[in-house]
Amino acid sequence: DGGITQSPKYLFRKEGQNVTLSCEQNLNHDAMYWYRQDPGQGLRLIYYSQIVNDFQKGDIAEGYSVSREKKESFPLTVTSAQKNPTAFYLCASSIPYRGREAFFGQGTRLTVV
Amino acid sequence: GESVGLHLPTLSVQEGDNSIINCAYSNSASDYFIWYKQESGKGPQFIIDIRSNMDKRQGQRVTVLLNKTVKHLSLQIAATQPGDSAVYFCAEVDNAGGTSYGKLTFGQGTILTVHP
Numbered sequence: 001d002g003g004i005t006q007s008p009k010y011l012f013r014k015e016g017q018n019v020t021l022s023c024e025q026n027l028n029h030d031a032m033y034w035y036r037q038d039p040g041q042g043l044r045l046i047y048y049s050q051i052v053n054d055f056q057k058g059d060i061a062e063g064y065s066v067s068r069e070k071k072e073s074f075p076l077t078v079t080s081a082q083k084n085p086t087a088f089y090l091c092a093s094s095i096p097y098r099g100r101e102a103f104f105g106q107g108t109r110l111t112v113v
Numbered sequence: 001g002e003s004v005g006l007h008l009p010t011l012s013v014q015e016g017d018n019s020i021i022n023c024a025y026s027n028s029a030s031d032y033f034i035w036y037k038q039e040s041g042k043g044p045q046f047i048i049d050i051r052s053n054m055d056k057r058q059g060q061r062v063t064v065l066l067n068k069t070v071k072h073l074s075l076q077i078a079a080t081q082p083g084d085s086a087v088y089f090c091a092e093v094d095n096a097g098g099t100s101y102g103k104l105t106f107g108q109g110t111i112l113t114v115h116p
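Sequence lines, in order, name chains R and Y.
Our numbering numbers the first residue of the first sequence as 1 and each following residue consecutively.
Our numbering numbers the first residue of the second sequence as 1 and each following residue consecutively.
Isolated chain R (complex conformation):
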């Protein structure tokens, strides 16, 4: 079945450590996105990529980094520079410039302990 997979579902990290969240899709979509969701809030865009080897900062990119070496994969690294990393992270993919048809993964809940 085609879809978008995030792993792990739950992740715990100690303060000061970097952690990488995985996002894989087999929908053959060129565009991929990372969003952050805080309790009771909407989604905020962290980074997006319209094509392999290219990505752009979203609204809240500070403290995060990404790579897009393969079409299927768009991993997100939460660095120690992110002051408040505890959140629900959502990855999405879509046909480029058709963000209204984005498909979302099931999310990774990151907790800093």
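By construction, these hints were calculated from the structure, which means they are not laboratory data.
Ideal placement from N, C-alpha and C gives every residue a C-beta, glycine not left out.
Possibly wrong hints are sitting among the right ones.
According to the in silico footprint, chain Y covers these stretches of chain R (three or more CB under 8 angstroms from chain Y) [unchecked claim]:
id	stretch
1	14-28
2	104-113
Think about it this way: if two alpha-carbon atoms lie no more than 30 angstroms apart in a straight line, the pair counts; the simulated DSSO-like pairs of lysine-lysine are [as the list claims (entries may be wrong)]:
id	chain 1	residue 1	chain 2	residue 2
3	R	Lys14	Y	Lys71
4	R	Lys9	Y	Lys42
5	Y	Lys37	R	Lys57
6	R	Lys57	Y	Lys42
7	Y	Lys71	R	Lys71
8	Y	Lys56	R	Lys57
We have chain R already, so just place chain Y on it with the hints.
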């Protein structure tokens, strides 16, 4: 800056009733408006969208209405079922420069609870 917001944070209805979820937006340049449904612990699911040049669009049991005069968006769910219980987000697609690169601006969300 531009934002999309919701009037009501929670909505409780009885099974079989019709539900109306409201949303106010401020970016008059948005090209699309979208409603998403998010169940607990899951990613958002696309429900329905509407282009800015339309007033109404219907789907299966759902209708979205767009009032550009007052910058208001609503989602109507007919014959609401317990399975409709979720958080509903409205979102707008940034169309700056004539491209839509997927920058969805989300509102705060409305929690819909359907009682049997």
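*Which hints from the list above does the structure break, by number from lowest to highest?*
The structure breaks hints 1, 3, 7 and 8; every other hint is satisfied.
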